[in-house]
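Both chains come to you apart, so use the hints to assemble them.
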Amino acid sequence: MSAPTAVGLERAEHPAERPAERPAEHPADGGAALRVVVVNGSPNERSKTMGLVGVILDTLGGMLPIETSQIDVYRLGPGFTEAAERDEVSPDVEATIRLAEQADLLISATPVFRGSYPGMFKHFFDLVDQYALANKPVLLAATGGTDRHALVLEHALRPLFGFFQALTVPVAFFASAGDFDGTTLLNPRVYGRVEMGLNDVMDLLRTRATGTHAPNA
Amino acid sequence: MAFEIGIMTFGEITKDPVTGVLPSPRQRVRETIEQARVADEVGLDVFGVGEHHRSDFVGSAPTILLAAAAEHTENIRLTSSVTVLGSEDPVRVWEQFATIDLLSAGRAEIIAGRGSYTESFPLFGYDLKDYADLFRENLDLLLKIRDRNPLTWQGRFRAPLADADIAPRADGDTIPVWVGVGGSPASAVSTGRLGLPMALALLLGPIASHLQTVELYREAAEQAGHDVGALPVSINAHGFVGRTSQHARDVMYPYFARGMMDNNHQRGEGFLLPRSAFDAQSSPQAGLLVGSPQEMIDKLLAYHELYGLNRALIQMGFGGMPQQEHLAAIERLGTEVAPVVRREVAAREKSAA
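Protein sequence lines, in the order shown, are assigned to chains X and F. Here our numbering is used: the first residue of the first sequence is 1, the next is one more, and so on. Here our numbering is used: the first residue of the second sequence is 1001, the next is one more, and so on.
Bound-form chain F, shown alone (with noise of 0.2 Å):
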């Protein structure tokens, strides 16, 4: 399986803590599709966004900007990361996806996630008890969509379908579909009994956090009759990639801080990630992606041989990085990073063949 490099953003509109400058909403947008021109340009796999309903965020109608994103790009996959499937429609989520897979000539992807934001519940009439349930049969109602057409089907949150119609269909054969996973046991479990392609979000903490969580998955794969081997396993991981070691930390530190205390909060208020707590992160035995290029092929290589992984999608604006950094961390990642960690890995698969 070739490995595969990509980015992803959540389109904040955060304040930059170095000028005070707010950006406005639409040079958010339009800085976003301009994120996914550079990397398709410099040849990485695959450009995110992610889905939040707030107003420190562009993001909440992702599907949109991956269609604006399909009009500026070439070759790049365009993914969600996450489409929040529990508060969504799947005939919806299907028929915008299947029309970017159009406009794109068959580069569009779902990632279905659980979502770690849960504001989209209450604005879509969702209550959040039934959380898990929506979850579950939205996802078995997209996969059956996905799969056959015209579809009878029944549920329990919405109304049932009967021989219906749902187009368009994919622009090729059908569209990739992946679970997002936040790292719980019970998310690797039922994602790898579905057989299903996993991301796993990462934030914090130690690079082998998540040996487990990859291997419940190959495991309940493995049990439910899945191949395990053609089971693509991403990591989606915050990062940066510098001219230096240092530059990489110093510019990305502030940005990061100023998005984990908006973000991350701990007695219902934001908290400030200490310098050291960050740097340590940032060493090789932690999973922060940040760095010069050749530390950020060691740490992917790093994942790779740890977890098997096959796919990293790496966030590097958190926080309101200015644009003129995150296109120019963008391009190293896919001149500098990627082509080097494509062929490392293939190199390590064809020996292990």
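Chain X with its partners taken away, still in its complex shape (with noise of 0.2 Å):
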């Protein structure tokens, strides 16, 4: 299993947008791949967080064709992190928000910092158009030190959602940090689920798949 962490810094137009790691092989479907955007929360090179992302996606392009993009919120930089509003962004930060308001699929992936999502994420999203995520798929996924953060998942992460009237993933996928060997998540239950959740969806992201589809791009 490879996660998109994996993919070089240089290959960017900008540090914190990571471009396509896959197209998933898919030799039995010819049709459009799934745009699948990831904004991570989590300020850490190898985290996780995106341990946890990188199981989810090596199902989803086990399920269907995909394309792949990571958004460190940690790294966009000063041209973020000094706009209070959509227009005092910068232009490589605004093209990045722009990509998360294009998905086909957004992942909405961050730790529990302090109880919730670090600001730094949820800064990220005040700065996304009212109505850009309106029914737009969006998967809801967090790490905790322990399971006792689970909820951040329905208390905080999907109400935020909630706002953008996007469509939520009905099953949200949490791991804890006991499930981990550093970044590498081991506990076969968090993959179950992660099989689950994705194929209660996957007729719906079948049908909002616009990505050109080039296997051996």
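This list has only true hints and no planted wrong ones.
What follows is a set of in silico ranges between Cβ atoms, one per label pair, in the way DEER data are often shown: (1) R1343/F with T146/X: 37 to 43 Å; (2) P159/X with S1351/F: 52 to 58 Å; (3) L204/X with E1344/F: 55 to 61 Å; (4) G1308/F with R189/X: 19 to 25 Å.
By construction, these hints were calculated from the structure, which means they are not laboratory data. Ideal Cβ positions, reconstructed from N, Cα and C, are used throughout, including at glycine.
Right under this line is the structure:
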């Protein structure tokens, strides 16, 4: 399994916005690729949050063709952090936010800090257009020190996307520190939940795919 | 698989909450060896010493204590409970345990753990950020050293080994390597995948609280193609065998509460474990191994039934238990508890076969 964190920074237009690591190969599926954008709320280069996302992307990529981009909110820089309003962001950050707004599937993934998502993560969504995520499939994923934080998915993340009138995937994914060896997710129960949660929405996601499918690109 | 019962110690240096006396390090190392000697004499199977790098413990160099214990014992297995493998050089770990194995005619064992204390990492120049990677790499190297000599090996954290001769070799065929697991699903899964015996560290809580951990361990082992039936599972748990139920609880409580106060912090401070909480932990549905010999027999058999357990290492001196009481409990464990538990487990396994 390879997580998108393995993507070389030098290939990105902006260090915080990482281009597609896959299209995955889908000989049986000639359809369009699902353009997946991960908004990653972890400050760490190697993170458990992205370890969990790696499992989600691998599972998803096994079900339909996908193209993946990753936005690391902690690496967007002063053009992001100094902006109080959308029209104050730098051009590259503007392009990054647009990427999230135009995704076929948004994966919102964050560690739990001080009982909720980090402020930097919220700042990203404070800059997203009020209606840009309406009816957009959004998948919720979070990691925390213990399972006591699991409801952050339902009590913090889902209401955020409720504001946006987004189409959140019913099953959200949580893993705690004890489920990982370093940043590698080991707990088979979490793998099973990812499989189940993605299966629930597979028919929907197929209808939303707008990317160009180019397996050998 | 024969059921094994043993004891373990951290070699704490704790002020006696009753008398106010702080034992000297010299007294504590001698007492530690005496515990091993008595455990051996009363027929217990295992003696373990934990590793802690602080002045309120004498266990910073457990291999040296185990070597001394080897000279005062005949039959008992000598193990680390645990070796903090992430901050050790696996070559040195092997050399030391192989030497103990020679001194003790094949009684050495290693329980490799990540460690619940982190002092050793800055002490030996390791970065806690590498905690998981260090343990994984060092365990890999330790197992390879055990399997073959000379060895060529390369990793991230230490100099590569090119056709390295690592000596001495084990006294017999091998030295058992267990993995200490604190109960996290990931540790259970990675230990199962490696097909290594699992020593589950228990503290407090319901007796069944680690069922999922053991289940994940066995599932992972089976998926990796290991013979699950041949993989032993142990618990390392606190406890005390008294003359009676009341005696056991009354003797253990003040020391255990002191040990918890010194080592188990909330908001950066120790807190008093209330007697009511301790008594609740001593009930049949809770995990603490405290009571009369008959209560201990019942609880160990309950553990065996729940987890398919093969071994219990009981820490009876936590919090500076006076040596006289500690030795008396070791004797009760060896003479009144262990023979009955071994016999009952053997009978269960025979009727299951």
